[in-house]
Amino acid sequence: MVALKPFIRVQREDFDLQTEIAMLTEGRQDIGAVVTFTGLCRDEGGSLNALELEHYPGMAEAEMARIAELAIARFSLLGLSAVHRYGKIAPGENIVLVIAAASHRQAAFDGANFVMDFLKTAAPFWKKEHLANGSTGSWVAAKDADDAARDKWLKP
Amino acid sequence: MVALKPFIRVQREDFDLQTEIAMLTEGRQDIGAVVTFTGLCRDEGGSLNALELEHYPGMAEAEMARIAELAIARFSLLGLSAVHRYGKIAPGENIVLVIAAASHRQAAFDGANFVMDFLKTAAPFWKKEHLANGSTGSWVAAKDADDAARDKWLKP
Amino acid sequence: MKVKLVYFAWVRERIDKPEEEIDIPETVVTGRDLLNHLKTLGEEYEAALQYPEVIRLAINQEHVDHDEPIAGAREIGIFPPMTGG
Amino acid sequence: MKVKLVYFAWVRERIDKPEEEIDIPETVVTGRDLLNHLKTLGEEYEAALQYPEVIRLAINQEHVDHDEPIAGAREIGIFPPMTGG
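Chains as they are written, first to last, in this note's numbering: chain A, 1 to 156; chain B, 1 to 156; chain C, 1 to 85; chain D, 1 to 85.
It should be emphasised that the hints constitute simulated quantities derived from the structure, not laboratory data.
Here the structure is a predicted model, which is why all the values come from computation and not from measurement.
Among the hints, erroneous ones may be present.
To be verified - One-sided excerpt, in silico: chain C residues whose CB lies under 8 Å from chain B:
id	residue
1	Thr40
2	Gly42
3	Phe79
As the list claims (entries may be wrong) - Coverage of chain D stretches by chain A, computed from C-beta distances (three or more under 8 Å per stretch; other residues unrestricted):
id	stretch
4	32 to 41
5	55 to 67
C-beta atoms are modelled at their ideal positions from N, C-alpha and C, and glycine is treated no differently.
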């Protein structure tokens with residue numbers, strides 16, 4: 001059996017969920033559950049004008065693929081896509097999309113959740129804040145909570 | 001503060017994810033995470049021709065709204081939609097859609113997962129199998145695993 | 001007391017009607033009593049309600065336990081465990 | 001040994017270049033040695049690598065620990081903890 005290959009993309013432009021889902025499900029009759037996660041830019045109560053997403057070209061795609069393949073094997077997924085944007089992103093805009101397809105619902109939920117937790121802590125992307133007052137804010141700090149969310153998948 | 005009202009629909013026709021998500025997120029800048037769950041009809045290895053979905057009109061919508069409101073309160077959701085189809089549905093077609101929007105990712109994942117677990121066990125829908133050999137199969141039996149999935153949310 | 005009964009899925013198929021209005025004797029107090037009463041109405045009811053412990057009840061479109069009093073109900077739904085989603 | 005170094009986020013901003021090719025002395029064996037060596041190259045490196053324990057390293061685009069030997073590396077990425085997603 002040929003192992004399922006995930007769809008991985010790092011791109012400037014936005015994505016369309018219906019199109020991305022169709023890439024996984026079109027013509028198939030064995031998929032019973034599709035879970036999508038979309039991460040969006042928040043305005044932080046009006047203080048944020050934009051986020052600027054920097055990434056390590058090549059390594060970003062490779063890490064996303066590595067994480068996706070772990071999820072496919074662990075949750076017996078029937079399809080997986082991960083798309084991450086870079087560049088300047090305004091509040092309300094999409095940043096990241098993960099889609100997991102499976103026979104049954106819990107595998108699809110777990111697959112998408114797993115990919116997001118590892119993507120946050122291992123895929124080489126960094127966010128810089130552009131503030132509403134015109135100044136360039138600081139680089140977003142990594143959160144301990146994100147490490148904890150990842151580590152829950154590592155328990156025996 | 002006015003409590004957030006979920007979008008609830010029971011309908012014959014299919015739904016479009018991008019349109020449904022836009023209903024929750026359009027014009028907002030406080031949503032950081034959107035999780036969608038789509039349940040599809042599987043062909044069960046080729047043995048199934050279609051599922052026929054029956055529902056209790058009125059009560060179906062009321063139960064879905066009740067479950068949705070529990071999820072909104074429990075996970076502080078910023079948006080929630082649940083759409084369930086009825087009638088004859090072929091393998092590969094959509095059956096149900098749940099969308100949960102929140103500030104942060106875990107609340108959106110938990111909200112959608114919670115709604116699906118309760119919807120499976122409490123919303124008045126029933127599935128009948130139409131088999132590929134032309135006969136009408138039996139009504140799908142309720143699964144203990146679905147009760148167990150629901151009960152994990154009831155632990156103290 | 002007159003009440004509208006609505007049936008779904010294999011309960012509906014076995015009773016062979018989607019709904020009916022029936023007159024309930026005063027000795028019928030709870031949902032459980034109602035199921036037992038219906039089983040006396042004919043073969044088709046007996047086939048539908050053979051295993052009353054798996055049957056679900058709704059009064060005025062809200063889930064209730066079998067020991068719930070049915071007094072004042074306008075509509076009682078009788079159906080198998082749900083399998084939507 | 002000659003190696004290409006690539007910097008990201010505030011490491012890139014403080015060193016004030018996205019990448020460079022440098023010549024590494026033979027005494028530099030591990031990633032940790034490399035960070036300590038870079039700190040001797042000037043103020044901007046010292047500012048970027050002031051707290052080496054938070055710095056992440058990648059050899060040939062794969063995450064590695066600080067005690068990983070760098071022998072044979074074509075490209076070493078040096079960057080802060082990731083904040084994507």
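Quiz item: How does the coverage statement for the stretch 32 to 41 of chain D fare against chain A, requiring three or more residues with Cβ below 8 Å from a Cβ of that chain?
Solution: With 0 residues closer than 8 Å to chain A, the stretch 32 to 41 of chain D misses the three-residue bar; violated.
Self-check item: Satisfaction of the Thr40(C) interface hint, Cβ to chain B closer than 8 Å
Solution: Not OK, violated: Thr40(C) not within 8 Å of chain B, min 25 Å.
Self-check item: Given hint Phe79(C) near chain B, where the shortest CB pair must fall under 8 Å
Solution: holds, 7 Å
Quiz item: Would you say the stretch 55 to 67 of chain D counts as covered by chain A, given the rule of at least 3 residues with C-beta under 8 Å?
Solution: Answer holds; 4 residues pass the 8 Å Cβ test.
Self-check item: chain B contact restraint on Gly42(C) - CB to CB distance below 8 Å
Solution: violated, 22 Å
In this structure, the hints that do not hold are numbers 1, 2, 4, in rising order.
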